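Peer 1: Here's the letter readout for the chains.
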Amino acid sequence: MSIKIETPINDQKVKLLKIGDTVEISGYIYTARDSAHKNLVDLLKNGEDLPFDIKGSIIYYVGPSPAKPGQVIGAAGPTTSYRMDPYVEDLMKVGMKGMIGKGSRSENVINCLQKYTGVYFGATGGAAALISKKIIEAEVIAFPELGPEAIRRLKVKDLPVVVINDCYGNDLYVEGKKKWAKE
Amino acid sequence: MRDVNLELITEVVKYLSIEASTIANDGLVKSLQKALKTEASPVGVEILEQLLENIEIAKTEKIPICQDTGFTVVYADIGQDVHFVGGDFNEAINKGVAQGYTDGFLRKSIVANPITEPQNTGDNTPAIIHTHLVQGDKVKLTLLPKGGGSENMSRLKMMTPADGVEGVKNFVVETVKIAGPNPCPPIIVGVGIGGTFDYVAYLAKKAITRELGQRHPNPTIASFETEWLKEINKLGIGPAGLGGNTTALELFIEEFPRHIATFPVAVNIQCHAARVKTVII
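Which chain is which? The protein sequence lines are H and C, in order.
Take 1 as the starting number for the first sequence in our numbering and just add one per residue.
Take 1 as the starting number for the second sequence in our numbering and just add one per residue.
Think of the hints as simulated: they come from the structure by calculation, not from any bench.
A quick note: this is a predicted structure, and the numbers were derived from the prediction, not measured.
It cannot be assumed that every hint is accurate.
[Claimed, not checked] Lysine-lysine pairs mimicking BS3-like chemistry, simulated, CA-CA at most 27 Å apart:
#1 C:K177 <-> C:K138
#2 H:K134 <-> C:K59
#3 H:K178 <-> C:K34
#4 C:K177 <-> H:K178
#5 C:K277 <-> H:K68
#6 C:K177 <-> H:K179
#7 H:K68 <-> C:K14
#8 H:K155 <-> C:K62
#9 C:K234 <-> H:K179
#10 C:K177 <-> H:K182
#11 C:K34 <-> H:K179
#12 C:K62 <-> H:K157
#13 H:K45 <-> H:K93
#14 H:K133 <-> C:K59
#15 C:K30 <-> H:K133
#16 H:K134 <-> C:K62
#17 C:K230 <-> H:K178
#18 C:K234 <-> H:K182
#19 H:K182 <-> C:K34
#20 C:K62 <-> H:K133
[Claimed, not checked] Pairwise CB distance ranges, derived in the manner of DEER restraints:
#21 C:A222 <-> H:L16: 47 to 57 Å
#22 C:T60 <-> H:G27: 47 to 57 Å
#23 H:S2 <-> C:D137: 50 to 60 Å
#24 C:D163 <-> H:K93: 41 to 51 Å
#25 H:E137 <-> C:V29: 28 to 38 Å
#26 C:N170 <-> H:G20: 30 to 40 Å
Quick reminder that beta carbons are idealized off the backbone N, C-alpha and C, glycines included.
The following block holds chain C by itself, in its conformation from the complex:
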């Protein structure tokens, strides 16, 4: 057994909130630089240059890359030999979010009573927290501040097994086509396949936490990622939707076994401001 003080969890979540919102990952920067070399549209090139400059300004001045600093989604892989001490785990996470968003001058975008009397909670809490028990005595915390504009363009469909690979591909490409310029392209496309109605949406979001440039370990799934991304980049939407061949930077698939009668597919869209940070304690 290893004792982990929850004050440390709060500290780390605070750090991750600020770090994720202001410092872009190397993978994203490399991906945008690569797109700059292959983009054929002059206005597309101009937008990509703006995005890279924006990332530099955010880093230098420690201000958010995008003003929408998101709904805070936290993935916690908790080693089963860990024993938390000093309070409540979920409260510790939310405390870290509140401190990070307040001290880091990040936008608070969460409203309570979503349909009756929407009111800003004032500190961007509550976070969406996914906990998983894993082997070992470590705690892995991944924080994803998820923006609303791209989230709104996401879709889920209960397809039928007969729809097959072609059906899934068409649904994914159609989702990006419908989204058009709205989700701040070039986007990252997270695709969940299998599981249940709720779990497939989880998979699609989990997919967008993958580091840019990495392929799925299963070569067949990896080939779908490459092929569907190519299809999407033929749509012509381009950077900022002004036309071009960089509509998406990446497409990631996560799969899970399914029921013999069902074929759930979810597409979670992530804008180019793909902010994900991980710390292992």
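In isolation and in its complexed conformation, chain H is listed as follows:
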């Protein structure tokens, strides 16, 4: 049975989530990947405003393919998260609560999730056509010059994810592998 959550999220909601939980996210989330993260952190360093309200936000690591006429968005599966690891602490400090991606995070990110009460969700890598069906609105809100890397505000309905790292220091990838490894 999936846990349904609405964005924005707060400490109280984050604390309810544990590794292995399947979650369906609804509401607004924001896309950002490599270049957009660099730009966001540069804005923070210069004391400038971010292009969206980051408090309680969930950022989705995705660079979608272009929408065909009549579609909201193209294929939109997660990209590998570790490339965004160096930027996580700066964004969590100002209120980011959740991230959606795929793949392992650094020790620093796992520590940040405990320190700032956050959660890292995994979406199924490569299930990009399936995931796109859960996105009901998409709008570029910053850095359009980055093309697929621009920041988009997405409205999602029941976006299926799994809790990979919770705010208690647990890691589903480590636990899952331990359970199924032979010898």
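Got chain H; can you put chain C on it based on the hints?
Peer 2: Coordinates of chain C only, in the frame set by chain H:
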């Protein structure tokens, strides 16, 4: 001599770009269905079901299987009795890529000036083009849109002859272990052995263009493929890295003679969205 108009090459590359990104090969579908029967982890089964459903949606709606529609790698086996007319061969390929990625609504993922001022080239060009002269008057074009996430988990090592079969096996399994959940398992593992520093990487990538389910013609190499795949599937990484016994669907080896002093080994990782299409003109 047979004249081949380069406009035809452009047309075919355009077709291959769209077809490869949106329609999964039968071999991949069969392989995922087979894994569904042998996967023991319930969450692993759920992920495999999602991947099969994803392939169906992509096919029906003609949208990419994965949003990362890759760096376009083209293998062109050109018959030596072919005479191209109507322009430049490499330009014709790149024109096909640009048209395919634009008209097919595929993601453009290539940036020029990789280190100084990265800027998207806007049409997914240039392609990586490998041309080979072969006998005959046909042109065989194989297109592989190679995703970045799995590419990042690939490794190359200049081993020593003393490392032997065991050394290679350990390096291959270790590469998959380090990659963990990152390259979108279940993966396809391409292994290159021999040649030179550059050629071994070529071999590893060429290996992943093989049709799923086919074994190497040399029975000893074929037995390594089966045995190393088994080792990898004991790692427990599983579909999407959430735990399970389907970490890799296939392992393909390509080999080439080596220098007496060297023993190059390369491992190219391919995600489950293994997109390869071929047309013979």
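Peer 1: Take the hints in turn and mark each one as holding or not.
Peer 2: Results of checking the hints against the structure:
About 41 Å separates the Cα atoms of K177 of chain C and K138 of chain C, which puts this hinted pair outside 27 Å; it is violated. A hinted pair counts as satisfied when its Cα atoms are at most 27 Å apart, and K134 of chain H with K59 of chain C qualifies at roughly 18 Å. Taking the CA atoms of K178 of chain H and K34 of chain C, the gap is near 24 Å; set against the 27 Å cutoff, the hint holds. Restraint check: the Cα-Cα separation between K177 of chain C and K178 of chain H comes to about 12 Å, which is no more than 27 Å; the hinted pair holds.
This hinted pair checks out: K277 of chain C and K68 of chain H have alpha carbons roughly 23 Å apart, not beyond 27 Å. Simply put, K177 of chain C and K179 of chain H have alpha-carbon atoms about 15 Å apart, close enough for the 27 Å limit, and the pair holds. At roughly 17 Å between alpha-carbon atoms, K68 of chain H and K14 of chain C fall within 27 Å of each other, so this suggested pair holds. Proposed proximity of K155 of chain H and K62 of chain C is supported: the alpha carbons are some 23 Å apart, at most 27 Å.
Under the criterion of a C-alpha separation no larger than 27 Å, the hint pairing K234 of chain C with K179 of chain H is consistent with the structure, at around 11 Å. Of the supplied pair hints, the one linking K177 of chain C and K182 of chain H holds, its CA atoms being roughly 13 Å apart against a limit of 27 Å. At most 27 Å may separate the alpha-carbon atoms for a hinted pair to count; K34 of chain C and K179 of chain H meet this at roughly 22 Å. A C-alpha spacing of about 22 Å is found between K62 of chain C and K157 of chain H, which places the hinted pair at or below 27 Å, so the restraint holds.
This hinted pair checks out: K45 of chain H and K93 of chain H have alpha carbons roughly 12 Å apart, not beyond 27 Å. Between the alpha carbons of K133 of chain H and K59 of chain C the distance comes to roughly 14 Å, so the proposed pair stays at or under 27 Å and holds. At most 27 Å may separate the alpha-carbon atoms for a hinted pair to count; K30 of chain C and K133 of chain H meet this at roughly 25 Å. In summary, the hint linking K134 of chain H to K62 of chain C is supported, as the alpha carbons are separated by about 17 Å, within the 27 Å threshold.
Our distance criterion of 27 Å between C-alpha atoms is met by K230 of chain C and K178 of chain H, whose separation comes to about 17 Å. In summary, the hint linking K234 of chain C to K182 of chain H is supported, as the alpha carbons are separated by about 5 Å, within the 27 Å threshold. Taking the CA atoms of K182 of chain H and K34 of chain C, the gap is near 21 Å; set against the 27 Å cutoff, the hint holds. Taking the CA atoms of K62 of chain C and K133 of chain H, the gap is near 13 Å; set against the 27 Å cutoff, the hint holds.
The given range of 47 to 57 Å is respected by A222 of chain C and L16 of chain H, whose C-beta atoms sit roughly 51 Å from each other. Separated by about 28 Å at the C-beta atoms, T60 of chain C and G27 of chain H break the suggested range of 47 to 57 Å. At roughly 58 Å, the beta-carbon separation of S2 of chain H and D137 of chain C lies within the given 50 to 60 Å, and the hint holds. About 47 Å separates the C-beta atoms of D163 of chain C and K93 of chain H, a value consistent with the hinted range of 41 to 51 Å.
For the pair E137 of chain H and V29 of chain C, the beta carbons lie near 32 Å from each other, so the given range of 28 to 38 Å is met. Separated by about 31 Å at the C-beta atoms, N170 of chain C and G20 of chain H satisfy the suggested range of 30 to 40 Å.
Of the numbered hints stated above, those contradicted by the structure are hints 1 and 22, listed in ascending order.
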